[in-house]
Amino acid sequence: MARLPFKCEAWKEKCNILNLTSSIMLVYYYVWFMFALAYRRKCWQIERRIKIREFTGEYLFWLIGESDAMCISQLRMDRRTFHILCEMVRDIGGLKGTRNTSLEEIVASFLYVLSHHLKSRTVGN
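Per UniProt numbering: the sequence shown = residues 1 to 125.
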């Protein structure tokens, strides 16, 4: 079989180099895009955690801090008694809040489960 002329071989080699270069650039941009997506996903998770903490704090304030009527209807005790119970649990029982949940929130969810005969799964939602 006859060989291709020199110009055709050079042109074919240039095409191969161009294809290889464009493939490398495509992979580079794909990897860069994936890193950007991973970073953005991490930012979204952090923002979501912050929003959940804010919502939990607002809900806890709505439950405990706003009025005695709301606290009595949801936890079956007034605000003063609730805070005394939290102090007793902290001092006598030695219970502490965690990194994600305050002691007041733990006690409030426990009292809510007791007062409404619910499962923990229902309280979490």
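Source of the hints: derived by calculation from the structure; they are not laboratory data. Be aware that a few hints might be false.
What the hints assert, rightly or not - Think about it this way: if two alpha-carbon atoms lie no more than 25 Å apart in a straight line, the pair counts; the simulated DMTMM-like pairs of lysine to aspartate or glutamate are:
hint	residue 1	residue 2
1	K96	E54
2	K51	E66
3	K51	E105
4	K96	E58
5	K42	E54
6	K51	E104
7	K96	D78
8	K51	D91
Said to hold, decoys possible - Ranges of calculated distance between the beta carbons of each label pair, as one might list FRET restraints:
hint	residue 1	residue 2	range
9	R48	K14	26 to 36 Å
10	M77	R49	49 to 59 Å
11	N100	A38	15 to 25 Å
12	L85	R49	53 to 63 Å
13	R48	H117	27 to 37 Å
14	L103	K42	47 to 57 Å
15	R53	S23	44 to 54 Å
16	L95	I52	18 to 28 Å
17	W32	A10	48 to 58 Å
18	I50	W11	53 to 63 Å
19	R53	S22	44 to 54 Å
20	W32	S102	49 to 59 Å
21	N100	K14	56 to 66 Å
A virtual CB, placed ideally from N, CA and C, is assigned to each residue, including glycine.
Hint check results:
1. K96 with E54: 20 Å, holds
2. K51 with E66: With a Cα-Cα distance of about 21 Å, the restraint between K51 and E66 holds, given a limit of 25 Å.
3. K51 with E105: 16 Å, holds
4. K96 with E58: 21 Å, holds
5. K42 with E54: Holds: K42 and E54 sit about 18 Å apart, inside 25 Å.
6. K51 with E104: Distance of about 19 Å is within 25 Å: holds.
7. K96 with D78: 22 Å, holds
8. K51 with D91: Roughly 31 Å between the alpha carbons, so the hint for K51 and D91 is violated.
9. R48 with K14: 26 to 36 Å: 50 Å, violated
10. M77 with R49: 49 to 59 Å: 30 Å, violated
11. N100 with A38: 15 to 25 Å: Distance hint for N100, A38 holds at roughly 23 Å.
12. L85 with R49: 53 to 63 Å: 28 Å, violated
13. R48 with H117: 27 to 37 Å: Roughly 31 Å apart at Cβ, these two residues keep to the hinted range, so it holds.
14. L103 with K42: 47 to 57 Å: The hint (47 to 57 Å, Cβ to Cβ) is violated, given that L103 and K42 are roughly 29 Å apart.
15. R53 with S23: 44 to 54 Å: Cβ of R53 to Cβ of S23: about 45 Å, so the range 44 to 54 Å holds.
16. L95 with I52: 18 to 28 Å: 22 Å, holds
17. W32 with A10: 48 to 58 Å: 33 Å, violated
18. I50 with W11: 53 to 63 Å: 58 Å, holds
19. R53 with S22: 44 to 54 Å: 47 Å Cβ-Cβ, so the 44 to 54 Å window holds.
20. W32 with S102: 49 to 59 Å: Once the Cβ atoms are compared, 41 Å apart, the range 49 to 59 Å for S102 and W32 is violated.
21. N100 with K14: 56 to 66 Å: The hinted range 56 to 66 Å holds for N100 and K14, with Cβ atoms some 60 Å apart.
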